[in-house]
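Trainee: For the record, the sequence lines run as chains A and B.
Counting in my numbering, the first sequence runs from 1 upward without gaps.
Counting in my numbering, the second sequence runs from 1001 upward without gaps.
Just so you know, not all the hints are guaranteed correct.
What the hints assert, rightly or not - Under the rule of at most 20 Å between Cα atoms (straight-line distance), these lysine to aspartate or glutamate pairs were calculated in the DMTMM-like manner:
1) A:LYS152 - B:GLU1187
2) B:LYS1318 - B:ASP1265
3) A:LYS22 - B:GLU1328
4) B:LYS1072 - B:GLU1419
5) A:LYS45 - B:ASP1205
6) A:LYS98 - B:GLU1033
7) B:LYS1352 - B:GLU1338
8) B:LYS1352 - B:GLU1328
9) B:LYS1400 - B:ASP1205
10) B:LYS1352 - A:ASP112
Worth flagging that the hints you see were computed from the coordinates, not collected in a lab.
Each chain is listed here by its residues.
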Amino acid sequence: MKRAGRVLIVAPLLVLPVALYKKTSASGHVWQIDPFKCTQCGQCKTNCVRTPSAVKCVHAFVMCGYCDLCGGYLRQGTKTISTGAENQLCPTGAITRKFVEEPYFEYTINEDLCDGCGKCVKGCLDFGNGSLYLQINQDLCADCNDCSIARKCPSDAISRVPADQQYIPKERGTLNPKPLNPSE
Amino acid sequence: MKRKLFTYTIFLILLSLHTFINAQDRFPRPEFESGYEYPEHQMPLERPHIWEYIDVIVLVAALSITTWLALKKRSRQGLIWMSLFSLIWFGFVREGCICSVGSVQNVALALFNDGYAIPLTALLFFTIPLLFALFFGRVFCAGVCPLGAIQELTGFKPVKLPKSVESVMIAIPFIYLALSVLFAALESQFIICRYDPFVGIFRLDAPYTMIVFGALLLLAGVFINRPYCRYLCPYGVILNLFSRFAGKHLTITPAECINCRLCEDVCPYDAIIPSDTALNREEPEQSRKRFIANLLLVPVLIVAGALVFQNIGPSLSKVSQEVRLAQEIRTEKETGIEAISKDAVAFKEAGKTEDELFAEELRIISRYRKASPWAGAFLGLSLGIGLVSLTLRTKRTEYKPHQGKCYSCGRCFKYCPVEVKK
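Kindly produce the complete structure, drawing on both the sequences and the hints.
Mentor: Right, here's the structure in full:
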């Protein structure tokens, strides 16, 4: 009786790896944001199991217009274009603005301060070239079985990507996902 | 014909021009005169995958050591140290991911969906503890599972629950398992991970409700030992089944049981089966009748379970995000109540049509209709087997652990007066 039961139970356990053999991936997958799907809804900041979120803003300098009037750095409707805290869009002051030459400015992200709210990303996409975008920092990500941001992500931008290519970089020449608004 | 071709050519040229113009950035790339060089596009660090393989090696090593401690060395002290190690390593260092309990969902998802590639580590974390359970009993629970370890280490004052309460509560893990497999297989949610009570403690970072749930469980666990393992853990259901057929298992006594009854009441999990006394033995005739009656009840229960779940299937589909969104949008259309959830706002921005969404909703609901009865049938079958097993009685001449329920924690060792002669 016991032996029969054992055989009956071992069988599925042995069949399982065989059945799943073709579906396994040895190198594994990690969660990543597709910057072209992301709508900067702000869920990344609040839904990550990490505090602050493992989602960080990264900057593709080659796409950047180095604008003086930066949609990602300055709050809309500011009176003066300066580095004053009241003018900055980033709630944590994680973006530093550096003068390069007239009329260009370089913007760099301080990753330690960034909390992944995506406000600057939205600003840059709406008014600029879209060189700022969100990525999941794989060094901080807990790699949950069920990414709690992916569960909430309304635009399905977060999916598993192969572990040998852990980031989805934006490069120059990639189509701006939002076409230019003629009224601008 | 020629004219048509001409028009098409013009159109194509215009189209390609349009794409080309659109591909341009809004603001052209600046031409620096000061010799400024573009900084490198820095991405954060990549995750080294070597850790996952180390996890598998540690898992096998920990299981082997626990087996040796429980079956051969018979040392409760050793098992506690092992629990402490697992709690620190799998819990606090590796932060509770990946764990065998949650891997049930990965396996379910991979079995029923072609699009998902299960990580090799997840498959190994699912199968290895089961293999050990099949050979040596639930040693995984004894000293390797971080969820079990945190409860084992905080269970100071064991109190026994009344048998009636116990027998009702042990049904919960079956329901939890059925639902978590159903939800994972239908790509809706990973409820085991989502409602993991201790992972917040491992990460020292969690939403308020999760911390409260975990703390309450731990607090209850001081008296009702291992509440999660006993009344919630879905992986425990599978381990329980495998452990019943274990080749070797932890024994209370190192040699031969002398029926001294000293260990009778020490197990907080009610997992010690007493040896038979002539008093509580039933008449064979009556016993046989009950056995047959319960056996006939099994198919009835399966059908009943399937029917119940068939009915609640569409309601269960509400755990799926798409279904909820579709319902919100439909409410907006029908009653005019504006859909303001973040999902709905993003949906309106994204430019997917409502018809697509409703079609998706229908597809998910029909999948739930098809799959739910199986979950119900599983629950019916489990209940049926449970009832049948109540009527089975084997003659016992010794006190021994119930192989399904015993966590191999080793609490009973010190109560046995029998010593091995050297």
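Trainee: Against this structure, judge whether each hint is valid.
Mentor: Against the structure, the hints:
Distance hint between LYS152 of chain A and GLU1187 of chain B is fulfilled; the C-alpha atoms sit about 14 Å from each other, no more than 20 Å. For the proposed pair LYS1318 of chain B and ASP1265 of chain B, the alpha carbon gap of about 45 Å is over 20 Å, so the pair is violated. The straight-line distance between the Cα atoms of LYS22 of chain A and GLU1328 of chain B is roughly 39 Å, outside the 20 Å bound, and the hint therefore fails. For a cut-off of 20 Å, the pair hint linking LYS1072 of chain B to GLU1419 of chain B stands: about 14 Å separates their Cα positions.
The straight-line distance between the Cα atoms of LYS45 of chain A and ASP1205 of chain B is roughly 14 Å, inside the 20 Å bound, and the hint therefore holds. Restraint check for LYS98 of chain A and GLU1033 of chain B: the C-alpha separation of about 16 Å stays at or below 20 Å, so the hint holds. For the given pair, LYS1352 of chain B sits about 18 Å from GLU1338 of chain B by alpha-carbon distance, which is consistent with the 20 Å threshold. With a C-alpha separation of about 15 Å, the suggested pairing of LYS1352 of chain B with GLU1328 of chain B holds against the 20 Å cut-off.
For the suggested pair LYS1400 of chain B and ASP1205 of chain B, the alpha carbons sit about 42 Å apart, so the restraint of at most 20 Å is broken. Simply put, LYS1352 of chain B and ASP112 of chain A have alpha-carbon atoms about 36 Å apart, too far for the 20 Å limit, and the pair is violated.
When each numbered hint is compared with the structure, violations occur for hints 2, 3, 9, 10.
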